[in-house]
Amino acid sequence: MVVMPPFPAASPEPFPEAAAPLEEACASTPRDMAATVLFALSRRREDDRRPALIAAPRAWFGEYGRPYGPGLAGTALILTPVSTAAEALWVLEQALRSGAVSLALGAVDGASLAQTRRLDFAARDGGSTGLMLPRSLDGLSAARRRWRVSAALSAPDADDPRAPGQARLIAEMTRGRGERPGAWMLEQDDETHRLRLADRLAGFGPAPIAGTGAASGLAA
Amino acid sequence: MIHALNPAARAAGLRRGQTQADALAMIPHLLCRPADTAADDRALEALAVWAERWSPSVSLDPSGEGLEGLFLDITGAAHLFGGEAALLAQIRTRLAEAGTVARVALAPTPGAAWALARWGEGRDPVATDETVSDLLADLPVEALRLDDRTVTGARRLGLKTIGSLYAMPRAGLARRFRDGDAIGLVRRLDQARGYVGEALTPVRPPARYRVWQAFAEPLGDIEGVEARLPELAADLTRALERDGQGAKALTLTGFRSDGLTTGLSVRMGRPGREVPIWMRLFREAGFGRLELGFGLDALMLTADLTEPMAARQGALESEAEAKQAESLAALIDRLTARLGEDRVLTPEPVDSWIPERAERLIPALGRIPAADPAEAGRRPLLLLDPPEPIDDPLFDLPEGAPARFTWRRVSRRVVRAEGPERLSPEWWRPRPDGREVRTRDYYRVEDGEGGRYWLFREGLYGREEGRAPSWWMHGVLP
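Chains as they are written, first to last, in the working numbering: chain A, 1 to 220; chain B, 1 to 478.
No lab work stands behind these hints, which were simulated from the structure alone. One or more of the hints may lead you astray.
These stretches of chain A come out as covered by chain B in the derived footprint (C-beta under 8 Å, 3 or more residues) [to be verified]:
no., region
1, 87-96
2, 146-153
Listed next, with one range per pair, are the computed distances between beta-carbon atoms [claimed, not checked]:
no., chain 1, residue 1, chain 2, residue 2, range
3, A, A59, B, R289, 37 to 43 Å
4, A, L140, B, E326, 44 to 50 Å
5, A, A86, B, R10, 53 to 59 Å
6, B, R378, A, D47, 22 to 28 Å
7, A, D47, B, P308, 32 to 38 Å
8, B, G459, A, D47, 42 to 48 Å
9, A, L137, B, S470, 51 to 57 Å
10, A, D47, B, A239, 30 to 36 Å
11, B, G459, A, R162, 30 to 36 Å
12, B, E291, A, A59, 27 to 33 Å
13, B, A239, A, E179, 55 to 61 Å
Glycine is no exception: its CB is placed at the ideal position from the N, C-alpha and C atoms.
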């Protein structure tokens with residue numbers, strides 16, 4: 001039997017579906033990077049057909065693997081291997097401001113508050129979403145929300161109990177401007193391949209009150 | 001073997017092709033340096049690009065070692081430099097200033113120009129269609145670019161000058177001096193006199209759209225170059241506009257007084273002719289990359305790749321989509337100008353079963369293909385390319401997914417697994433390292449901590465003698 005690792009209690013607040021102009025998502029452990037990238041890609045609006053851009057040091061692609069089209073669910077991609085953090089920030093700013101991409105994803109560490117503020121403005125100008133993937137959430141940042149993402153055991157597969165089911169992950173919001181921090185379990189949808197809120201019955205957090213479909217506020 | 005000599009050595013009676021021992025016996029204090037023909041070729045090629053200031057079409061002399069030379073096609077260009085004589089004088093002086101002693105001649109054919117430059121009388125000989133035969137007549141037959149055997153043969157017949165060939169019956173000459181390894185006598189004669197054409201291959205394909213500007217005072221700083229460019233660019237857009245063309249690639253070439261050139265290129269995903277956009281791309285590519293040396297005395301801007309502008313319209317559905325495509329193209333152009341084509345990439349699906357071959361990264365300048373959603377969830381989000389070896393796989397069942405494995409020094413216990421998905425080798429495509437291609441069985445496995453991986457076993461149990469199957473990590477699923 002698998003023991004569930006201790007995660008923060010599920011938040012009673014609704015999951016903030018709409019992304020802020022600039023957010024940060026940090027993989028709990030290096031192993032959680034694929035879940036973090038999926039989370040980041042799911043921050044795009046579903047009907048947004050603009051491509052996504054990923055700026056990361058060349059070594060990042062070797063360390064974690066390169067985003068692979070067949071696993072990406074029809075997202076057009078632009079990959080820019082960069083050599084310095086400054087270059088990555090420049091690429092992100094250009095992409096966000098142009099409004100040509102739905103999402104600009106940057107594996108950048110050590111961006112200053114001023115630099116993240118520039119990105120925030122650029123994202124608002126271009127109507128795009130910027131997502132930084134720093135190695136830690138310690139630094140100062142103008143990002144509206146900060147997430148910590150961990151892969152979770154997959155949903156049970158109805159046809160084959162021995163097979164991995166739909167991918168699941170825990171997205172913990174450690175900071176949100178004007179929002180209460182919280183954690184949500186998300187699950188990859190079979191058809192859209194995007195993340196949706198996982199069923200509360202999946203053994204994580206309080207079950208919804210029968211009949212109302214709303215999460216219980218008492219458990220928080 | 002003596003490869004090349006300076007004037008002093010030539011005066012001392014040494015010649016090309018002599019062995020070094022012979023030469024040292026004649027001149028004991030002879031100074032020798034090893035020949036570096038590759039460096040010679042590079043230098044000559046650099047000089048050819050530099051000579052593009054006088055002509056868009058500059059070719060290397062194919063005659064070979066010891067006969068280095070350049071052909072400039074100056075059709076219609078001489079008037080820009082104050083006439084033919086002035087042009088030749090300018091070429092010679094500029095080369096001399098850059099430290100290259102050269103002889104220059106102008107003629108209606110490459111063959112005649114070659115002969116006059118090497119054997120002609122006086123400084124900067126010029127031949128026209130009317131005078132070319134007369135001017136060639138007094139030159140020795142060697143001037144026709146013949147091999148040694150043909151020259152000796154002609155001499156033996158008393159044919160010493162080119163003029164002595166004019167009167168000879170062509171059939172007899174052709175029979176006696178056939179085209180062998182080298183081009184024969186009659187062809188060479190006809191080439192020189194312009195009776196048959198001779199094709200030359202320019203070092204760089206001549207740009208159809210090309211503007212340039214020379215400066216009395218060399219430009220010594222980057223700002224000066226940047227300030228001059230808009231004017232050049234405006235000239236180029238006018239030329240493009242006349243033909244309804246837009247540029248997809250531009251090169252700015254700066255000509256230095258020391259015989260070298262410096263250049264900066266930008267590429268665009270779609271044709272355009274807007275000066276501010278070009279300026280922005282050049283700035284992003286970095287004017288600082290230009291090496292000005294002691295200053296540039298001329299700038300040239302060429303449109304290396306053009307496309308009709310009108311053809312682009314109509315393919316897009318709505319105005320919003322067109323605007324969207326426009327801003328994406330502009331973004332990619334800008335990123336490409338700064339980072340280079342090989343760092344702004346997009347995955348392109350390829351028709352292959354082998355996962356790492358099913359997609360390749362191409363420069364995003366062209367277009368951005370959308371990925372095929374059909375296999376999402378079954379395929380990793382992050383692909384490790386090349387696959388990484390898995391250590392110590394342990395099995396519950398002999399032919400199945402491992403129950404435990406070690407990857408990147410961490411041991412992982414498999415709690416769920418699905419597979420195999422068998423991918424047969426594409427035996428018709430050999431591996432680059434020449435190893436035999438083997439069948440792969442892919443498994444999706446999940447460890448006790450929510451990590452999901454895409455593993456494969458290469459090879460089959462008990463089928464291939466002497467080779468056990470091996471296990472590989474190919475990617476991480478979300």
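Do the hints match the structure? See the list:
Remark: the region 87-96 of chain A is confirmed as covered by chain B, as 5 of its residues place a Cβ nearer than 8 Å to a Cβ of that chain, reaching the required three. Interface restraint, the region 146-153 of chain A with chain B: holds (4 residues with C-beta to C-beta distance below 8 Å; minimum three). With their beta carbons about 25 Å apart, A:A59 and B:R289 fall outside the hinted range of 37 to 43 Å. In this structure the supplied range 44 to 50 Å is violated for A:L140 paired with B:E326, their Cβ-Cβ distance being about 36 Å.
At about 57 Å, the beta-carbon gap between A:A86 and B:R10 stays in the expected band of 53 to 59 Å. Between B:R378 and A:D47 the C-beta distance comes to about 24 Å, which sits within the given range of 22 to 28 Å. Judged by the Cβ atoms, the range 32 to 38 Å given for A:D47 and B:P308 holds: they are separated by roughly 34 Å. Judged by the Cβ atoms, the range 42 to 48 Å given for B:G459 and A:D47 holds: they are separated by roughly 45 Å.
Taking 51 to 57 Å as the suggested C-beta distance range, the pair A:L137 and B:S470 does not conform, at roughly 39 Å. Under the hint 30 to 36 Å, the C-beta atoms of A:D47 and B:A239, about 44 Å apart, miss the expected range. As the Cβ distance of B:G459 to A:R162 is approximately 24 Å, the hint placing it in 30 to 36 Å is violated. For the hinted restraint 27 to 33 Å between B:E291 and A:A59, the CB-CB distance of approximately 30 Å keeps it satisfied.
Separation of B:A239 from A:E179 is about 58 Å and conforms to the stated range, judged on CB atoms against 55 to 61 Å.
The structure is inconsistent with the numbered hints 3, 4, 9, 10, 11, although it conforms to all the rest.
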